[in-house]
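A.B. asks: If you want the building blocks of each chain, they are given just below.
There are 2 protein chains.
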Amino acid sequence: MSNMPFHFDLLHSDRDARRGCLHTPHGTVETPAFMPVGTQGTIKGVDIGRVAETGAQMVLANTYHLHLRPGDEVVAQLGDLHGFMNWSKPILTDSGGFQVFSLADRSKVDEQGVKFRSHIDGSLVDLTPERSMAIQENLGADLIMAFDHVIALPNTPEAVADATWRSVRWAERCQKAHSRSDQLLLGIVQGGLDHALRRECADAMVAMDFGAYAVGGLSVGEPPEEMYAAIEATTPHLPNERLRYLMGVGKPEDLLEAVRRGIDLFDCVMPTRNGRNALVFTDDGPRRLKNAQYTLQSEPLEADCPCPACQHSRGYLRHLFQAKEMLGPVLASIHNLTYYQRLLAEAREAIEADAFEEFHARKQAGWDQGR
Amino acid sequence: MSNMPFHFDLLHSDRDARRGCLHTPHGTVETPAFMPVGTQGTIKGVDIGRVAETGAQMVLANTYHLHLRPGDEVVAQLGDLHGFMNWSKPILTDSGGFQVFSLADRSKVDEQGVKFRSHIDGSLVDLTPERSMAIQENLGADLIMAFDHVIALPNTPEAVADATWRSVRWAERCQKAHSRSDQLLLGIVQGGLDHALRRECADAMVAMDFGAYAVGGLSVGEPPEEMYAAIEATTPHLPNERLRYLMGVGKPEDLLEAVRRGIDLFDCVMPTRNGRNALVFTDDGPRRLKNAQYTLQSEPLEADCPCPACQHSRGYLRHLFQAKEMLGPVLASIHNLTYYQRLLAEAREAIEADAFEEFHARKQAGWDQGR
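Protein chains in written order, with full-length UniProt numbering: chain A, 1 to 371; chain B, 1 to 371.
Hints may contain errors.
Claimed, not checked - Footprint (simulated), chain A over chain B, 3 or more residues, beta carbon under 8 Å:
{"#": "1", "segment": "80–88"}
{"#": "2", "segment": "228–235"}
{"#": "3", "segment": "292–299"}
{"#": "4", "segment": "310–317"}
{"#": "5", "segment": "321–334"}
What the hints assert, rightly or not - Covered stretches of chain A, as calculated for chain B (at least 3 residues, CB under 8 Å):
{"#": "6", "segment": "77–86"}
{"#": "7", "segment": "302–316"}
{"#": "8", "segment": "325–332"}
In short, the hints are calculated from the structure, not lab data. Owing to the predicted nature of the structure, the values given are computational and were not obtained by experimental measurement. No residue lacks a Cβ here, since even glycine has one placed at the ideal position from N, Cα and C.
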């Protein structure tokens, strides 16, 4: 092990699936790993002690949201994100690029950066690669992301290429602007669904020698097979000894498909967002808790799940949603977060045992059966 | 100790303040005690493990709500309220009378009972003393309440007397109808703010020999002094060796004023309802977390509070409310529930030490100072 503040140990490979270990100043993350999303500095509805109990090793927070409210200087004064959230383990912040694209009113992109109006109060905000770095340094996460130009898909080849190469130029500016040695800056490989462009972008990013790499711009509505193909067109061009993070993905089956293609790290709002909407993940596929069939079911969602939701009957959980009780979304979110953590823990074991393909097939069969 | 399923041990008195111990088939409650309110079978927003961590020994659930949704037979099939809520300690259910009064559409009272339309779907429901007993037997709480006729205050003396004596007659019907020996039925003393009527009602209830007694019909908008006077007009006429429960009360200062007048048990929605609205209780009086003064405060709500909210800064809690994050209501509710439990635990210690008056004066001085 190196004495650098960050180090990724690739412990074992099973074909392209990787079992690793990321060392950070706030502790270690066993990979493949899943990060719960704490958009505004909170995993929605779940207190941070319960988040830790799900098995989460690292969480994600959003630069755009926290910059606008309460402000990154406020977060810095309240002990940076670790103190603010009371989470002493690793944290990752995104760059703000995606939320500017998806949430801001009237955003305007030029080579300098993005000007947009806040979705909260309409105030004018200016985000540049340098500004994103300064904000992320204030927020104080362990892993931070280069500021990128996110565009809608499908789009013209020219627009995709233009945004991709602008993201590369911005990534260089991020590297120059970033000054904290206790933060690891990740470069993001863009390129839409164009495999040649993905490879060119990966080569350009690798030439800049980032400490870890992300695959961005996916899971924006394209069919799963095209997403898997785009991952497959990217990961072989990333250095084997560096962490690979697939941004914003996805369903349980997407995670295993991506692990199979060499991805180490994930984040997604799906466990919490779906939980709030009464959809829970299980090894027999997703269940819609509002369905009448659950009214009198006294068994838990999953017999072997240790989460607080699975201390209750399905009938009770359904009742909470029918009665519009806050505890329904809370418990379903905790179950889903626990499900994701258990899935990744099992995947890690399977890779160690050179049995990932069998594990994957078994899980997929269970999910398919429940459809 | 008796080998009856229920027994109240009066351990110590400090003037009229009482330190006791209620034994039930689901365990023991140290009194004076406060019950969190789980209206629909959930303490709003707080998972049952966290409820236990606040120090709560017994919780309350509402007959009216659970009868309408999911239905008391459903609760019975899912393991009665103990299994349904996953709470193995004592539970109390109210009779439904108060919610019929406050929530139902177009309720019509006659000597037989109350006919009303459900606030959920407008369906016609018929509630009688016998029906309330049957529902509460299905729900399976340890302590259950006689079905009473609740009216608005102020009201004419005739209307108050009429409702009071009807409640006495209904209490007799409840005694006859109630069949489960593992449930303790409480008689409720009504009488509005009429001290003579309170005493007459108490005498009538005591003549019926209930295992424990409640003081009902208070905290419905009258000034605190009138409420305290009505308690004082009631408790001396209740047997010393039986538990006394003041229904639906109240603020921290109300609790201590009532303990001082011989009350042993409380319930109130205030800790959770106020918590959802960003109002938190402290020894320096209530704090409104949305106030701008908390933006940069890095200290917890209370330095010596062990609750999960007090693992965070005031600035973080304020941010959660500003950002309309569910975790704000959740954490503020947990803090308030913890505050109430700690207050009652301190009151129990003070009574044991014959120092309740000094304790009361000290707490009141802190609350007054924060105003």
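A.B. asks: Now look at each hint and say whether the structure bears it out.
C.D. replies: A quick look at each hint next to the structure:
1. Coverage of the segment 80–88 of chain B by chain A holds. Counting CB-CB distances below 8 Å, 4 residues qualify, and the rule asks for three or more.
2. For the segment 228–235 of chain B, the assignment as covered by chain A is violated, since 0 residues bring a beta-carbon within under 8 Å of that chain's beta-carbons and 3 are needed.
3. Coverage of a stretch by a chain is defined here by at least three residues with a beta carbon nearer than 8 Å to that chain's beta carbons; for the segment 292–299 of chain B and chain A the count is 3, and the condition holds.
4. For a cut-off of 8 Å, the count of residues in the segment 310–317 of chain B with a CB near a CB of chain A stands at 5, and the three-residue condition holds.
5. With a cut-off of 8 Å between beta carbons, the segment 321–334 of chain B has 9 residues touching chain A; three or more are needed, and the interface restraint holds.
6. Counting residues of the segment 77–86 of chain A whose C-beta lies closer than 8 Å to any C-beta of chain B gives 7; at least three are required, and the coverage claim holds.
7. Coverage of the segment 302–316 of chain A by chain B holds in this model, with 6 residues showing a Cβ closer than 8 Å to a Cβ of that chain against a need of three.
8. Look at the segment 325–332 of chain A against chain B: 6 of its residues bring a Cβ nearer than 8 Å to a Cβ of that chain, three or more, so the hint holds.
Going down the numbered hints, you'll see the structure goes against just number 2.
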